[in-house]
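2 protein chains.
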Amino acid sequence: MTITITAFEHSPDGGRGLARDTRVRWALEEVGQPYKVRLVTFKALKEPAHRALHPFGQIPTYEEGNLALFETGGIVMHIAERHAGLLPHHANARARAITWMFAALNTVEMPIVELSTVMLLERDKPWYQERLPLVEARVRDCLGQLATRLGDAEWLDGPFSAGDLMMVSVLLRSRSSGILDEYPNLAAYVARGEARPAYKRAFAAQLAVNAGT
Amino acid sequence: MTITITAFEHSPDGGRGLARDTRVRWALEEVGQPYKVRLVTFKALKEPAHRALHPFGQIPTYEEGNLALFETGGIVMHIAERHAGLLPHHANARARAITWMFAALNTVEMPIVELSTVMLLERDKPWYQERLPLVEARVRDCLGQLATRLGDAEWLDGPFSAGDLMMVSVLLRSRSSGILDEYPNLAAYVARGEARPAYKRAFAAQLAVNAGT
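Going down the list, the sequences are from chains A and B. In this text, residue positions in the first sequence follow UniProt numbering: the first is 1, and each later residue adds one. In this text, residue positions in the second sequence follow UniProt numbering: the first is 1, and each later residue adds one.
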């Protein structure tokens, strides 16, 4: 069955790979599944046809036969369950990999998105200079703990998994703040993710959409 | 095998059920699994023994034989995969229920936690009065879209699932702001969750720990 995902017609990041369709493209590339992409304008995101697919009016969505999914974590989980390559076979290792997916999306992404929001929406506010360090401290607190856990390991828990795919994707969003590079082992971990052929193909595919925008 | 979870010795909410162990207790009650609880002080949360279980120094954790898990989403997912009652059998319905778990933890909880943070940590800041409405608007935007999707349905997608368990748990954290009650169908949805016998047992169990604190 054909897999169709949605992506921004013009990504706000201009093709740096930070829009969430990149996570889904990466997962599909890791498991070797071809997919089609339907591009969506900002206007169309908020219209009923797209809302029927995605209640929160965002990208990506995922359609495959009768199945429609809308949340990156749910989509990647579905891909990982249906195809080999993103979750370990052993039940306990599998549960730990899934735990890292949730840790990336709930514990680690939260302060990182908060920091992006401050930098995007509060730069002209009178409190920006005082509040920015408070939010940066929350990101450092989280990344410092993750760096301690990762240590010298290649991936978070054994071989590369959907947990790493999601964690690398989330950490990439902290790079422009400069904070990621304060943790050399995390920066190297992210670089290992970016060096994977599947990531490179996913990145190139989203860049091709956004090139010249 | 005995299941052991961790919870706060003294929950910051004094037993209102908002600490995350309640989510895990609820899931275990739904599937009828007994569990033990090890209480952890704030000091112990940050010590190496607990960090080995939970890299981010939080509760809850989950231990069962050789398996140790640490993130609420990962723990509930594990419980839902091992025992009947929290995920539909049909593959597509199952994928949608999992998607709602991720939507609760990534899309809906993010603005709700941001609002809690503002109310907890920024009340004495000079920007509080101006910033609070901006963050409240983000919560309203999110809850309004969720309310539209839920409509008159009893649960998010067919019978009660782990997706509802997580969404109700997340929405409960928005109630004290008054915003939840602005969406009567969401407030009624949360009340349906709280009325479930399994939730009541979970709530009573965490209250018993915190009573009198």
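It cannot be assumed that every hint is accurate.
Which copy is meant is left open, because identical chains are indistinguishable; a pair holds if it fits in one copy or across any two.
To be verified - Here are the simulated SDA-like pairs of lysine to any residue, each with C-alpha atoms no more than 25 Å apart in a straight line:
(1) K36 x K46
(2) K200 x F160
(3) K200 x D157
(4) K125 x E9
(5) K125 x A188
(6) K125 x L115
(7) K125 x R138
(8) K46 x D152
(9) K200 x A44
(10) K200 x L134
(11) K36 x A52
(12) K46 x P184
(13) K125 x E114
(14) K125 x E136
(15) K46 x D141
(16) K46 x L134
(17) K46 x L150
(18) K36 x R201
(19) K125 x A137
(20) K46 x Q33
(21) K36 x A93
(22) K43 x L18
(23) K36 x D181
Derived from the structure by calculation, the hints contain no laboratory data. Keep in mind it's a predicted model, so treat the numbers as computed, not measured.
Going through the hints against the structure:
Proximity of K36 and K46 under a CA criterion of 25 Å is satisfied intra-copy only: 22 Å inside one chain copy versus 46 Å between copies. Taking the shortest alpha-carbon separations for K200 and F160, only the intra-copy value of 16 Å comes in at or below 25 Å, while the best inter-copy value is 40 Å. When the C-alpha separation of K200 and D157 is checked against a cutoff of 25 Å, the pair qualifies only within one copy, where the shortest distance is 22 Å, while the shortest distance between copies is 36 Å. Proximity of K125 to E9 under the C-alpha cut-off of 25 Å is found in neither arrangement, the shortest distances being 30 Å within a copy and 40 Å between copies.
Taking the shortest alpha-carbon separations for K125 and A188, neither the intra-copy value of 35 Å nor the inter-copy value of 38 Å comes in at or below 25 Å. In this assembly of identical chains, the alpha carbons of K125 and L115 lie at most 25 Å apart whether taken from the same copy (14 Å) or from different copies (18 Å). In this assembly of identical chains, K125 and R138 lie within 25 Å of each other by CA distance both inside one copy and across copies; the values are 20 Å within and 17 Å between. Proximity of K46 and D152 under a CA criterion of 25 Å is satisfied inter-copy only: 21 Å between copies versus 44 Å inside one chain copy.
Proximity of K200 to A44 under the C-alpha cut-off of 25 Å is found in neither arrangement, the shortest distances being 29 Å within a copy and 42 Å between copies. For the homomeric pair K200 and L134, neither the shortest alpha-carbon distance inside one copy (34 Å) nor that between copies (38 Å) is at most 25 Å. Within a single copy, K36 and A52 get their C-alpha atoms as close as 19 Å, which meets the 25 Å cut-off; across copies the closest is 42 Å, which misses it. In this homomeric assembly, K46 and P184 come within 25 Å of each other (Cα to Cα) only across copies, at 23 Å, whereas the closest approach inside a single copy is 40 Å.
Proximity of K125 to E114 under the C-alpha cut-off of 25 Å is found in both arrangements, the shortest distances being 15 Å within a copy and 18 Å between copies. Proximity of K125 to E136 under the C-alpha cut-off of 25 Å is found in both arrangements, the shortest distances being 17 Å within a copy and 17 Å between copies. Proximity of K46 and D141 under a CA criterion of 25 Å is satisfied inter-copy only: 12 Å between copies versus 35 Å inside one chain copy. Taking the closest pair of Cα atoms, K46 and L134 come within 25 Å of each other only across two copies (20 Å); inside a single copy the shortest separation is 33 Å, beyond that limit.
Proximity of K46 and L150 under a CA criterion of 25 Å is satisfied inter-copy only: 17 Å between copies versus 39 Å inside one chain copy. In this assembly of identical chains, the alpha carbons of K36 and R201 lie at most 25 Å apart only when taken from the same copy (14 Å versus 47 Å across copies). Taking CA atoms no more than 25 Å apart as the test, K125 paired with A137 passes in both settings, with 19 Å inside one copy and 17 Å between copies. In the homo-oligomer, the alpha carbons of K46 and Q33 never lie at most 25 Å apart, since the shortest distance is 29 Å inside one protomer and 42 Å across protomers.
In this homomeric assembly, K36 and A93 come within 25 Å of each other (Cα to Cα) only across copies, at 23 Å, whereas the closest approach inside a single copy is 31 Å. When the C-alpha separation of K43 and L18 is checked against a cutoff of 25 Å, the pair qualifies only within one copy, where the shortest distance is 20 Å, while the shortest distance between copies is 37 Å. In this assembly of identical chains, the alpha carbons of K36 and D181 never lie at most 25 Å apart, being 35 Å within a copy and 41 Å across copies at closest.
Violation of the numbered hints given earlier is confined to hints 4, 5, 9, 10, 20 and 23; the remaining hints are satisfied by the structure.
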